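Q: Starting from the structure of chain A, add chains B, C, D and E with the ligands where the hints point.
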Amino acid sequence: MLLNCVAYRHGVKIAEPTVEEISDYLARTDCFVWVAMRDATEAELNTMQEEFGLHDLAVEDARHGHQRPKVEEYGDTLFVAMHLPEYIDAELSVGEVNVFVGRNFILSIRSRSSHNLLGVRERCEREPELLKLGSGFVLYALMDAVVDRYFPLIDKLELQLEAIEEHLFDKGYSLATIAQLYGLKRKISVLKHAVMPLMEATSKLYGGRVPPICVNTQEYLRDVYDHLTRINTTIDMMRDTITTAILVSQSTVSIEQNEVNKRLAAWAAIFAVATAFVGIWGMNFQHMPELKLEYGYPLALLVIITVCGLLYFRFKRAGWL
Amino acid sequence: MLLNCVAYRHGVKIAEPTVEEISDYLARTDCFVWVAMRDATEAELNTMQEEFGLHDLAVEDARHGHQRPKVEEYGDTLFVAMHLPEYIDAELSVGEVNVFVGRNFILSIRSRSSHNLLGVRERCEREPELLKLGSGFVLYALMDAVVDRYFPLIDKLELQLEAIEEHLFDKGYSLATIAQLYGLKRKISVLKHAVMPLMEATSKLYGGRVPPICVNTQEYLRDVYDHLTRINTTIDMMRDTITTAILVSQSTVSIEQNEVNKRLAAWAAIFAVATAFVGIWGMNFQHMPELKLEYGYPLALLVIITVCGLLYFRFKRAGWL
Amino acid sequence: MLLNCVAYRHGVKIAEPTVEEISDYLARTDCFVWVAMRDATEAELNTMQEEFGLHDLAVEDARHGHQRPKVEEYGDTLFVAMHLPEYIDAELSVGEVNVFVGRNFILSIRSRSSHNLLGVRERCEREPELLKLGSGFVLYALMDAVVDRYFPLIDKLELQLEAIEEHLFDKGYSLATIAQLYGLKRKISVLKHAVMPLMEATSKLYGGRVPPICVNTQEYLRDVYDHLTRINTTIDMMRDTITTAILVSQSTVSIEQNEVNKRLAAWAAIFAVATAFVGIWGMNFQHMPELKLEYGYPLALLVIITVCGLLYFRFKRAGWL
Amino acid sequence: MLLNCVAYRHGVKIAEPTVEEISDYLARTDCFVWVAMRDATEAELNTMQEEFGLHDLAVEDARHGHQRPKVEEYGDTLFVAMHLPEYIDAELSVGEVNVFVGRNFILSIRSRSSHNLLGVRERCEREPELLKLGSGFVLYALMDAVVDRYFPLIDKLELQLEAIEEHLFDKGYSLATIAQLYGLKRKISVLKHAVMPLMEATSKLYGGRVPPICVNTQEYLRDVYDHLTRINTTIDMMRDTITTAILVSQSTVSIEQNEVNKRLAAWAAIFAVATAFVGIWGMNFQHMPELKLEYGYPLALLVIITVCGLLYFRFKRAGWL
Amino acid sequence: MLLNCVAYRHGVKIAEPTVEEISDYLARTDCFVWVAMRDATEAELNTMQEEFGLHDLAVEDARHGHQRPKVEEYGDTLFVAMHLPEYIDAELSVGEVNVFVGRNFILSIRSRSSHNLLGVRERCEREPELLKLGSGFVLYALMDAVVDRYFPLIDKLELQLEAIEEHLFDKGYSLATIAQLYGLKRKISVLKHAVMPLMEATSKLYGGRVPPICVNTQEYLRDVYDHLTRINTTIDMMRDTITTAILVSQSTVSIEQNEVNKRLAAWAAIFAVATAFVGIWGMNFQHMPELKLEYGYPLALLVIITVCGLLYFRFKRAGWL
Ligand SMILES: [Mg+2]
Ligand SMILES: [Mg+2]
Ligand SMILES: [Mg+2]
Ligand SMILES: [Mg+2]
Ligand SMILES: [Mg+2]
Ligand SMILES: [Mg+2]
Ligand SMILES: [Mg+2]
Ligand SMILES: [Mg+2]
Ligand SMILES: [Mg+2]
Ligand SMILES: [Mg+2]
Ligand SMILES: [Mg+2]
Ligand SMILES: [Mg+2]
Ligand SMILES: [Mg+2]
Ligand SMILES: [Mg+2]
Ligand SMILES: [Mg+2]
Ligand SMILES: [Mg+2]
Ligand SMILES: [Mg+2]
Ligand SMILES: [Mg+2]
Ligand SMILES: [Mg+2]
Ligand SMILES: [Mg+2]
Ligand SMILES: [Mg+2]
Ligand SMILES: [Mg+2]
Ligand SMILES: [Mg+2]
Ligand SMILES: [Mg+2]
Ligand SMILES: [Mg+2]
Ligand SMILES: [Mg+2]
Ligand SMILES: [Mg+2]
Ligand SMILES: [Mg+2]
Ligand SMILES: [Mg+2]
Ligand SMILES: [Mg+2]
Ligand SMILES: [Mg+2]
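Protein chains in written order, with my numbering: chain A, 3 to 323; chain B, 3 to 323; chain C, 3 to 323; chain D, 3 to 323; chain E, 3 to 323.
Bound conformation, chain A alone (with noise of 0.2 Å):
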């Protein structure tokens, strides 16, 4: 679906030409057309190839989907697929925002998203110093737009990590704490795959040879390169603490076994010598001269009692009970 198509000249926005009218602005040299489509179908992936020139592959990726993130030069022309993931019922979905970028144009194409990307036109039209640039600076404009909504995303999955870990040596909470670390570091692993390409990719957008679309935005693209190195520091530094945690997670489990274990020995000494006691005067000896006694029973309950507490009471010092 066609969002806006808008013409600018001098940074400053002169038409609202249709979509057939493009390639009259395209024709002129001193402005630049960008487009933003959203779940574009295959018609109008069609008529904008036919319009801007693009490339079959480039227009093959955009139509499949699903692509890594990077960074592809079809002669003037750059192509740059963006993952745009977002949470949806505690789920993370991964939607897509594909860009073609040439001298005079750019079109954007944002897919299976419910982000809202109409920020970045206004923002560009705020600052028409810097739209003056051209297509380069909408370019920077959209992958900060885009990087900039990771960060939400890693600080959620921050929290839940701060939150499994208050739990990491509470007994009795480990297979829900692990079943969350393995589901925690699922989900970053689908960041990590936003990120990382899509780093790699930008780092060849400024310092040395540059595609002659960035000459003039190196700085602005250097600050969202910058920006996805802290995103991918910081996911890194949360996958190595989630295979620590599962380590560590195990050996509480070892260690609260360990407990149940010692308590489980000590109740059993203590009954076991208690059944012993008893044992004795239950056998049928004719001569045992303390069954004869008045008192013998309470005595032999005192002492199997005191036998016992001692017992209890030495286990307790131990740590056992």
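The reader is advised that the hints may include incorrect statements.
[Unchecked claim] No more than 20 Å apart at the CA atoms, straight line, and that leaves these computed lysine-lysine pairs for PhoX-like:
1. K173(B) / K318(D)
2. K173(C) / K173(A)
3. K173(B) / K173(A)
4. K72(B) / K206(D)
5. K206(C) / K206(A)
I should point out that these hints are in silico values taken from the structure, not numbers from a laboratory.
This structure is a prediction, so every number in the text was calculated from the model and none was measured.
A: Chains B, C, D and E with the ligands in isolation, oriented as in the chain A frame:
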């Protein structure tokens, strides 16, 4: 076995030469010959070596098979080895496609594989504009077809992993789960060793210095590289997930054991208490007044049941039962 | 908050200009201005941006804070971000030092940190021979001072690790040990992310192509790099040790459990034997001649004690008790 | 010990000079000398050093042995060290082949190995077309022969791994399995350290800047490199599999323990119930009416058997027995 | 402390100047001065700095000590820092050798080490042909001597590892084994941090761009590098083996526990059966005909012994006892 042998001029089929006639067409400067073979015999390979002037070492590799995926330059000729894994009775069987590419010929040999590559020729003949690019384009088309065969395999393995994950935290499934994870990791390793070396070799077919045959088809070969990178990323992600899943599965075993131990401890305690009590009243002291009470027996049973019941509820509340 | 603002000529202080006078000194070719701030406000940053002509993106980073350590060139100006971690109530709090360096000025802004960097100015003013090198030397002095703050932190964490290691093979300390190892690993990660990016950035300030400001102070900046490498190596060593220690700690738990199990088994066996014996003589068969012996009862006790004693010594010798 | 010494001209044997005559043949420009030795003594090495003008450091390496596999240039001469592992009584013994190659000579010294490299000379003499390429081709032939010795070793270790994998999930085999995996990993490490350094050194003998002796045989040396890469890949795959197998084997132990624990718990419960029941009817209360019933005893036995039977089937159904 | 100070000309000793005379010899173009010190004091270092014109930062490193191994260029002068670990009372103590090398001087300072490097001077003076190469050859000789000190340490640690491996699968040794593995890993880390940075620094002293002092001794310095690579490879192999050994040791613990558990279960079952039987005949039912049989008691004992014996043999056969 020779599958077919066709001469093309300006992207259009002009003849189906016999093996002996190949050299006649190679002598012309305006056409190229495309030969497809399957499980070539020693004799067939020797004929082809002579006809196309192939290097001893490359032909040796094609004869022996079981090569690492690779791209090797022998003077003006390229030798490309690719793996073609397929599922046969739940096992991964690895076939091969070996391709010799010269300025005006391409020879592809498929070995130990039921995969049909006929579609490649059909696709090329439908697009004479592209086939006009010569043997370099046919190489791309073959590589693209081989790599496209990897996607359904990856999908299948991902489905298997997801199926295992559903039982990851289930009790009593651990051994089966771990055995499945182990088997899956083995299969993924096979795929990894088909994909990664080919990816690395393909990365040298576009950008910077490139074999002359590939100069006109760099954007296409970059697309193959992009597919391989995507597959490789997915493989790495799965490998990492499997390692974590094995680790997590170990934890599930420990946690289950913990619960069994607690239950064992609880029931042992309850019965030990009962046994101690009945032992007491089984002692043979002469003066045990409660033994003479009319309702002594039912009272004793009541005491025992009450104490055991209290224990039971305490354990229940502690989550041990 | 502005801490101080001094103009230097040939390495010697010549004036303490007000903020408004800064531009006058910048206009002169023979001196440079060094401004130090702390937790700068929005307004103060704007003034400085105007006064020194700083780039929007760099000022934005200084304003937002929480940047990765880095060195960025904006034309002739360098922007350097460094972390300044410190211990506050057993937690690592991470402050920042952001530095803008031009040919004839240097502006340092310390944020969220109680660390005092006044000593840097004192040191520089004591060595006019070196301060004569200009703003590049001040940059070195600031970086050196920040990096010197890392050493006591590392020492502290190493001491903590050594303290944990002393209890690594002790029984009953496992949960505390593992929790401490986990906490330590978290803190080391914080330090790692302060040190490693700064190390990488610093490595580009000497040898080969270097920002013009750093040309005369390369040997000094290499010294900073060398310090960072040393710290980084220590961090990596500690991380590896902690991972191994967690693994080893898991083993300690298992081994302790093993011993408890053996003890449990031994005592269970001893009491089970006693219980079986007393049970035998508690049976009600009419013809049990030993029951009628005068010393049957003490003999029986002797037999039970002997058998249990023998078992006890056997278990003792086997190391189970 | 000198094995043989032959002079070649245009790829054809022309003489078998004595050691003293070697220098005569080296003086001629149209031939090269190929000397083969085995476990050379100090004196023999000194003679050869003098005859061929070998560098002190290279001769020292050959004398000491136990070098890392490597290729070193000393002026126009190459020194190549290779490992030659072989199975002796189920242990891997590592012999060596050291090769000195000059423009017009090649000296190979085999040490501590029963592997016969005579076949190399036979193969070379059968192909005078290739031997004509000079000492560089002989170097290739020797390297190729050594590397070919690695394949059967790898195959043997792979078979051992497969044999271990068959028992990986079997009960009661764990200790043996893990000990075998450990031993296998040790052997693979030995092979790894024979293969990887040689692979890296060989990669510098073709493409880009190459020692003059290897210029004409680059395609052949690349083939050696390709073999080494294949072996190295297999080794890495096996190492990874072994690590996973050890991890998986640990799980098998835990799972088996789980089952034993469950069975123990089940039987303990059954007998505890029986003991409690018989304890009840062993109490000495005067008024226990069921004790006087004519069929009280068989009824009691029936009750006990029924209750225990019910428990038994419940545990059976739960999979604990 | 100054150990000795000698001036050489054409590889031959010409004088033993006092400290004050050093500058006279440095002024001559045809000789070089070699000074050896041990645990130099602040004052001695200052004198040397003045005499040789050493850089502040390098002298600071020598004064502080505890540097990472490294090679730094200060103009024409090289500063080399090396670790010199030695065994003192079963602990690794790390001394240092710092070397300053100029065109016509070399100053070596050994710190906190009992290792004697006198042999280096003797060796050099015995080979004037090589000593003629100047200070660069002395640097090589010193580095070679230091690196040769590493080999016996590595051998010692390898012997320790082999000693541990002999008990790896023994029962009851686990805790000691794991503690030893942990301690060994710590020592190997110390060695790793002596070897790896020095190896990396040495790799920049031969091939490609090289400090002028090392130009004539590149083949010798490559030999030092080769030694360091060999040591480093051994260290990596040992580290990997230790990690696997800890993992394997954990398994041994689990397997031993498994066996204890089985034995516990078996004996518990046997005695539980005996206790149940004697409990039955200890019940007080009036009509228990077997109680009145003349041989009822011995028969009962026989039944119990038979049943328990059968259980015993069954457990024996199952490998539980
Ligand atoms: Mg890990
Ligand atoms: Mg892990
Ligand atoms: Mg791990
Ligand atoms: Mg880890
Ligand atoms: Mg673990
Ligand atoms: Mg792990
Ligand atoms: Mg792992
Ligand atoms: Mg992992
Ligand atoms: Mg792993
Ligand atoms: Mg791992
Ligand atoms: Mg584990
Ligand atoms: Mg593990
Ligand atoms: Mg692991
Ligand atoms: Mg680990
Ligand atoms: Mg580890
Ligand atoms: Mg580890
Ligand atoms: Mg572990
Ligand atoms: Mg592990
Ligand atoms: Mg691990
Ligand atoms: Mg692994
Ligand atoms: Mg592992
Ligand atoms: Mg591993
Ligand atoms: Mg591991
Ligand atoms: Mg693993
Ligand atoms: Mg494990
Ligand atoms: Mg490991
Ligand atoms: Mg590990
Ligand atoms: Mg390992
Ligand atoms: Mg490991
Ligand atoms: Mg482990
Ligand atoms: Mg482990």
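Q: Is the hinted pair K206(C) and K206(A) satisfied, with a Cα-Cα distance of at most 20 Å?
A: Holds. K206(C) to K206(A) sits at ~18 Å (cutoff 20 Å).
Q: Take the C-alpha atoms of K173(B) and K318(D), compute the straight-line distance between them, and say whether it is at most 20 Å.
A: Distance of about 16 Å is within 20 Å: holds.
Q: With a cut-off of 20 Å on the C-alpha distance, tell me whether K173(C) and K173(A) pass.
A: Distance ~19 Å between K173(C) and K173(A) Cα, so the pair holds.
Q: Do the alpha carbons of K173(B) and K173(A) lie within 20 Å of each other, as the hint requires?
A: 19 Å, holds
Q: Are the Cα atoms of K72(B) and K206(D) separated by 20 Å or less?
A: 18 Å, holds
The structure is consistent with each of the numbered hints, conforming to all of them.
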